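*Asks:* Chains A and B, in that order, are what the protein sequence lines are.
Going by my numbering, the first residue of the first sequence is number 314, and it counts up by one from there.
Going by my numbering, the first residue of the second sequence is number 314, and it counts up by one from there.
Please note that the accuracy of each hint is not assured.
Simulated restraints on C-beta separations [what the hints assert, rightly or not]:
id, chain 1, residue 1, chain 2, residue 2, range
1, A, G343, B, V472, 40 to 46 Å
2, A, A319, B, G401, 28 to 34 Å
3, A, D466, B, G487, 34 to 40 Å
4, B, R321, A, R407, 50 to 56 Å
5, B, G401, A, G463, 39 to 45 Å
6, B, G383, A, R407, 39 to 45 Å
7, A, D461, B, Q457, 56 to 62 Å
8, A, D532, B, R474, 34 to 40 Å
9, B, A533, A, E462, 26 to 32 Å
No lab work stands behind these hints, which were simulated from the structure alone.
Every value quoted in this text rests on a predicted model; they were computed, and no experiment measured them.
In this text, a Cβ means the ideal position worked out from N, Cα and C, and glycines have one as well.
2 protein chains.
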Amino acid sequence: MADGSALRVVELAGGVGGAKLAHGLQAHLGNGLTVVVNTGDDLERHGLLVCPDHDTIMYTLAGIDNRDWGWGIAGETFASAEMLARYGEETWFRLGDRDLATHIVRTRRLRAGERLTTVAAHLQGALGIAAQILPMADEPVRTQVRTDEGWLDFQTYFVGRQQAPEVRELRYDGLAAARATPEVIDALAKADAIVVAPSNPFLSVAPILGVPGLRPAIDAVRSRGVPIAAISGIIGGRALKGPADRILASLGHEATALGVARIYAPWVDLFVLDAADEALAPAIRALGPDVLVTDTIMGDDAARARVAATVLEAVAARRR
Amino acid sequence: MADGSALRVVELAGGVGGAKLAHGLQAHLGNGLTVVVNTGDDLERHGLLVCPDHDTIMYTLAGIDNRDWGWGIAGETFASAEMLARYGEETWFRLGDRDLATHIVRTRRLRAGERLTTVAAHLQGALGIAAQILPMADEPVRTQVRTDEGWLDFQTYFVGRQQAPEVRELRYDGLAAARATPEVIDALAKADAIVVAPSNPFLSVAPILGVPGLRPAIDAVRSRGVPIAAISGIIGGRALKGPADRILASLGHEATALGVARIYAPWVDLFVLDAADEALAPAIRALGPDVLVTDTIMGDDAARARVAATVLEAVAARRR
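In isolation and in its complexed conformation, chain A is listed as follows (with noise of 0.2 Å):
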């Protein structure tokens, strides 16, 4: 890798995904890192105030993630929720004991007046992270999800629903009323490169680059000549991971890299393709953006820290 430890990067990500990519960028970056993550997902359960993608990625980085579920913390338990079913608590949304502390913790501190990239930050810091993951907003975001039953909120579908239904349109409430935060322009305007995780183009990436005033500041570092690369979370036509090749399809585009790539394309200089998708590149190109072919599956450590340093070592070459 091409002095990648210097780089400061900004990543847009939502969960899984962006986990996998965040885990392995943090390898490279340490503190040079920031995670712009999606909130959208967020949800109440209890009374008490959950981030699945936040967490989702607090907890790879902090090297506690649960990577037999793909959520989660490893060794959990779930004496509390057991519990909370005796209560008569709906549970479908299933916490785990150390993940419930996660969630008391930040609930007790945002009622106390702190912001939710305060609170983000308290928790990072406990957990010995070194990169920093920023909530897209402080203001309370959530998808909504249109389907043939009507409008569910993002969970409900997600969990709940196992994304059975099929989606016909998406809505971002309170992102009218959200800010882009002062950390997040910060981390934007100090960026070297900016990454787009591999995660859903509307579910995760839609919504943060939907927070006014964050758009306008990716446009600006972009405008500065700060390289922003884009990695496919479709392979061969399939999500690894989520409904996002369905969601593509019922909304209209195409479910294949290439159909991420039109979403991407008008502000992306560099589309990271698995060597799954290579026949794809010739027509991604044309859109606009360079291609890099990579095996972009994020299975373990290695693979992990292999893709993020190919990515790194590109947008580093595009800096010179």
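Following the hints, complete the assembly by docking chain B onto the known chain A.
*Replies:* Chain B alone, transformed into the frame defined by chain A:
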């Protein structure tokens, strides 16, 4: 027992001693038992409302209390608490994973506008308790303890400082603004007998009696001939549990069952004395109340049921 099963009994109670007696009484009375519980020990931890006396009684009546510890839930685990500590939360007041669910549900419902009494009924119903446990008031009351180090809130003194400091004075913050609830007034109005648990006269019973409207309601039922019995929590000059003996002494009372009897004598008809203190019976009778001498230590289920039966027989006999 003489027709005790048809009696409606109100028990005034603090935590552990109150729970043991309540367990014995519930075995005979089922839903004929109403426990009015002290809330002066309540506290906020991690932004959640904890009601230690209520919960000790609730867990005991549900048969899920941890008898090895004398607090909390059987088989309890502490994964959440470990994580809370990692986040820098003070965890000297140790909350187990199952116990935490109680406080989470309570706090959520209170924030949604429910009364403490209603929330408590929901929790008890979920755990399948026959008796009802009524908080002495819906409004927050917080017992404060003056020591040579100054005023401490109750749990800081009781758990945080392990009752080490000498108690110079007590204060029940919020008591003047509290009101006897309709449920407590109704239970007292229908009571065939009132039983004061072997709880701390100052820390547990005094706050209950101090709730505006509660003492007049007790006086009214007593004036109708409803018997009031009290059980000494001091045996052989020592509290079975907790600092009652030292608090009696430091507040200028005799740290014996006679000292307790002097406090209750003006409004109690029957004083239940442990066999070990039989020599005190004449002095207590001279204060006014009848005295019932029996073995009052409630070590196991059989002892709890036996003590309860003895008390119920005595109060039933007084009604004839």
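*Asks:* If a hint holds in the structure, say so; if it doesn't, say that too.
*Replies:* Hint-by-hint comparison with the structure:
no., hint, result
1, G343/A - V472/B: 40 to 46 Å, "holds (41 Å)"
2, A319/A - G401/B: 28 to 34 Å, "holds (32 Å)"
3, D466/A - G487/B: 34 to 40 Å, "holds (38 Å)"
4, R321/B - R407/A: 50 to 56 Å, "violated (43 Å)"
5, G401/B - G463/A: 39 to 45 Å, "holds (43 Å)"
6, G383/B - R407/A: 39 to 45 Å, "violated (32 Å)"
7, D461/A - Q457/B: 56 to 62 Å, "holds (59 Å)"
8, D532/A - R474/B: 34 to 40 Å, "violated (59 Å)"
9, A533/B - E462/A: 26 to 32 Å, "violated (57 Å)"
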